[in-house]
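Protein chains in written order, with full-length UniProt numbering: chain A, 1 to 228; chain B, 1 to 246.
Calculated directly from the structure, the hints in this document are not laboratory data.
Just to be clear, a hint being listed does not mean it is correct.
[Claimed, not checked] Derived SDA-like pairs: lysine to any residue, alpha-carbon spacing no greater than 20 Å straight-line:
| id | chain 1 | residue 1 | chain 2 | residue 2 |
| --- | --- | --- | --- | --- |
| 1 | B | Lys93 | A | Glu223 |
| 2 | B | Lys111 | A | Thr142 |
| 3 | B | Lys45 | B | Lys157 |
| 4 | B | Lys111 | A | Arg146 |
| 5 | B | Lys8 | B | Ser54 |
| 6 | A | Lys62 | A | Glu117 |
Keep in mind it's a predicted model, so treat the numbers as computed, not measured.
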Amino acid sequence: MFDSEVLLPDLWDILGAVPVTLAMALGIFVFSTMIGSLFAMVEYRRIPLLRELVVAYKVIFKGVPMVIVIFLAYYGLPPTSRFLTSLVGIDYNGHSTPNWITLIVALTLCVSAFQAEVVKGALNSFDNGQAEAAYSLGYRKTQLFRRVMLPQVIVAAIPDLANSIMVIMKALSLGFAIEVVDIFAQSQLTAALNFYYLEAFLIAVFVYMVIAYIVTFVADRLERSLRV
Amino acid sequence: MLELKNIKLSYGSTQVLNGVDLSVKRGDVVSIIGPSGTGKTTLLKCINSLARPSSGTIAFDDVRMDYQKLDRTAIQAIRLRTAMVFQQFNVFKNMTVLQNVMDPLVVVQRKSKEEARRIALEELDRVGLSNKIDSYPSQLSGGQLQRTGIARALAVKPDVMLFDEPTSSLDPELVGEVLKVIRDVTSSGITSLLVTHEMQFARNISNRIVFMDRGVVAADGSPAEIFEASSNPRLTQFLTTEHSIQ
Numbered sequence: 001m002f003d004s005e006v007l008l009p010d011l012w013d014i015l016g017a018v019p020v021t022l023a024m025a026l027g028i029f030v031f032s033t034m035i036g037s038l039f040a041m042v043e044y045r046r047i048p049l050l051r052e053l054v055v056a057y058k059v060i061f062k063g064v065p066m067v068i069v070i071f072l073a074y075y076g077l078p079p080t081s082r083f084l085t086s087l088v089g090i091d092y093n094g095h096s097t098p099n100w101i102t103l104i105v106a107l108t109l110c111v112s113a114f115q116a117e118v119v120k121g122a123l124n125s126f127d128n129g130q131a132e133a134a135y136s137l138g139y140r141k142t143q144l145f146r147r148v149m150l151p152q153v154i155v156a157a158i159p160d161l162a163n164s165i166m167v168i169m170k171a172l173s174l175g176f177a178i179e180v181v182d183i184f185a186q187s188q189l190t191a192a193l194n195f196y197y198l199e200a201f202l203i204a205v206f207v208y209m210v211i212a213y214i215v216t217f218v219a220d221r222l223e224r225s226l227r228v
Numbered sequence: 001m002l003e004l005k006n007i008k009l010s011y012g013s014t015q016v017l018n019g020v021d022l023s024v025k026r027g028d029v030v031s032i033i034g035p036s037g038t039g040k041t042t043l044l045k046c047i048n049s050l051a052r053p054s055s056g057t058i059a060f061d062d063v064r065m066d067y068q069k070l071d072r073t074a075i076q077a078i079r080l081r082t083a084m085v086f087q088q089f090n091v092f093k094n095m096t097v098l099q100n101v102m103d104p105l106v107v108v109q110r111k112s113k114e115e116a117r118r119i120a121l122e123e124l125d126r127v128g129l130s131n132k133i134d135s136y137p138s139q140l141s142g143g144q145l146q147r148t149g150i151a152r153a154l155a156v157k158p159d160v161m162l163f164d165e166p167t168s169s170l171d172p173e174l175v176g177e178v179l180k181v182i183r184d185v186t187s188s189g190i191t192s193l194l195v196t197h198e199m200q201f202a203r204n205i206s207n208r209i210v211f212m213d214r215g216v217v218a219a220d221g222s223p224a225e226i227f228e229a230s231s232n233p234r235l236t237q238f239l240t241t242e243h244s245i246q
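One chain only, chain B, in its complex shape (with noise of 0.2 Å):
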């Protein structure tokens, strides 16, 4: 259902991506694995237009549109299929977390408030966070910011959930709680990317890994192919480290 071809992106002299080739399936969940810097996160802007490759296409279903020449509408379309959770959490401050939720679907979807209302608790009971509906975002902790942001993007109905390192700004004790809801959502069949260095993690909910390295997709496989049958050094590498680490 997503296509993306031959995605190249510098910062300044910087080659971040170097070629990217990925496609996913409807209902895939796809954890993208690799060192830092090499692109992971970069990738998932791309994918809804938050940084433009210089050269390269995206296809949703059939419909294909080379990166040089996407106009407002196209990028418009493709923000509206995809939805994105943040390392940092990214949740409007000056909101509670109910009006996080509803906003989006008032004012870019143009949903009735009642409508919106609707969703939006629907969604904050499906992460948890029924009791803390008219809290700021001040008063929550990073497990329950984040929460609220993956209610926030569930709640647009995307084909495409993306999250970005959605733990690594977390305290310890507050990660197992967003993995709950991560699991639950990816679980529920819809199509997921995940940007993560939780292995283990990735490892039980994801039935595709990436594995990137410099800028291009280097290792593509099931999660045993990746993490038991692989003959790539650099992912060898990559896996020893982080299981160091860990």
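Here chain A stands alone, though its shape is the one from the complex (with noise of 0.2 Å):
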């Protein structure tokens, strides 16, 4: 039977993983964001064989799935780790590496390759014109990037980079995999410490709602305050 009681102290146990799950978050959406736009540069510039890599990479994370990725990291990163730091001289234990680290970087690599494809259609969306007249003007790449370029791409990226902070939190759920306690990682535990499930899975799908409707609602506030 579903126990209304149970809400309020689950809720409040399940809030205590919003924040760690918010800055897991937000770690891997900057780190993505900006290997997703080193990637996409690569490709709008079309600079050979770095080209060719990137299209590679695209590939296989966004074919493989994140599960996978994440136990791929488990098992490989510490004696990868290791093997790195020994070749600089450094006695580092990999095996110690963190589990939220892991799945950082797992997901990291995954998202980088959605992203890449966000800030290349944003890039793709710049009307050429523009450059031409400003160079015409006599701006440098440089300064066309900086003063004219930029700020367009960006605000045609937001939308899609939201709907990214929204996937990311969803893939963190794959952290429990792992060990690594999210939200419904941690609506998992409270539940499994007095079985009302689906009580608690209530309140995960209350949590994310609520956070992905912020998200949204911030979204578009500053692409509104952005786009003329």
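Build the complex: two chains, separate frames, hints provided.
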């Protein structure tokens, strides 16, 4: 039977996981957007060889399920980091890497492939006639990029970037597989203690919805204030 | 003051400019007419180095430069002496009308913001946009966008203005306001090259008409010589077609 009395205590319990979930999401968002932007620039500028590598990267990380990448990182990162650090003479025990770092690395690798597409789309939406006008007036490439292109590309990318925050939030629930406790994992743990699973997951749904609403609201506001 | 010699340019296997020679005196208003795809726009782009000819030379006053040897500094020098008005306006969409005109002055010419603002306001007044300085491009009509483009070009005080079909993308009722501004600009004595399909307008404002055909200058003369006394059959055919369209 549904018991509404556990809702409030469950909510407090699950809310405890919100800050860490948001912090991880923000970290993954920032890193993946930076890497994705670099990838997008490589493709936009058609840099030979690097461009082919970026395409291959995107095919791999868009195609492989995130949970597999998480497990690959979980089992592969410790020996890899140990090997790499030994090359520069540092004795580092890769197995002491916290799981939340492994999760951030794995999801950053995956989401970068998607962010690259978002930024590439925004770059391609830029009307090149403006670039022609800027060059004709004597702007250098960097001046054109900073003064004209970047402000427009950011605005064009905002809706999809906001989407990606929610995708990351949801992807973080896969972290339960390697014992990282986010909103979903916390609701699972809370329910395991009192056996009120339905209530706990409904609370999780509510928390995810509130976060989604805030992200969408902020992104819409930001886009509206920047779009002219 | 401006002299182009033997300009050749191809896009892939298509030869667009096939050895263009053109010289323009200070204060000349030259209209370039001709069938579509004959290299008129490309020629303007060559003048301010947006397009790079495979051969030929360009001279401003006594300084002659070979297109094959143009370096960054030379290209920048050319661009600072010319300003282009585009068919699609190409105003910066993230900036207001005033910022569009000020920005090149601050960023490229390194003028102070106060001076840039003063010049920009002057030029915007000249094109009749004083009441729109804080509007963004998305809030303007095509005619206003093009006048912004013209003010932006005028503000950099170029030696030569290049107009690339400035009214071709406009609704018919907006053409008049832009033509009026161009007429004012050209009558002020600034050297201008105008690619246009507005034959009557070209005839009225120009002291020279250049007819381009198949990548070369096929006829060059005063409006009267071109429109009334030409013996070039291709030109006659072109003028008849244009006349019947208009």
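Outcome of the hint check:
1. B:Lys93 / A:Glu223: 15 Å, holds
2. B:Lys111 / A:Thr142: With Cα atoms ~19 Å apart, Lys111 (chain B) and Thr142 (chain A) stay inside 20 Å; holds.
3. B:Lys45 / B:Lys157: 18 Å, holds
4. B:Lys111 / A:Arg146: Satisfied, since the Cα-Cα distance of roughly 18 Å is no more than 20 Å.
5. B:Lys8 / B:Ser54: The given pair, whose Cα atoms are some 6 Å apart, holds under the 20 Å limit.
6. A:Lys62 / A:Glu117: 10 Å, holds
Figure legend: structure checked against the earlier numbered hints; every hint is met.
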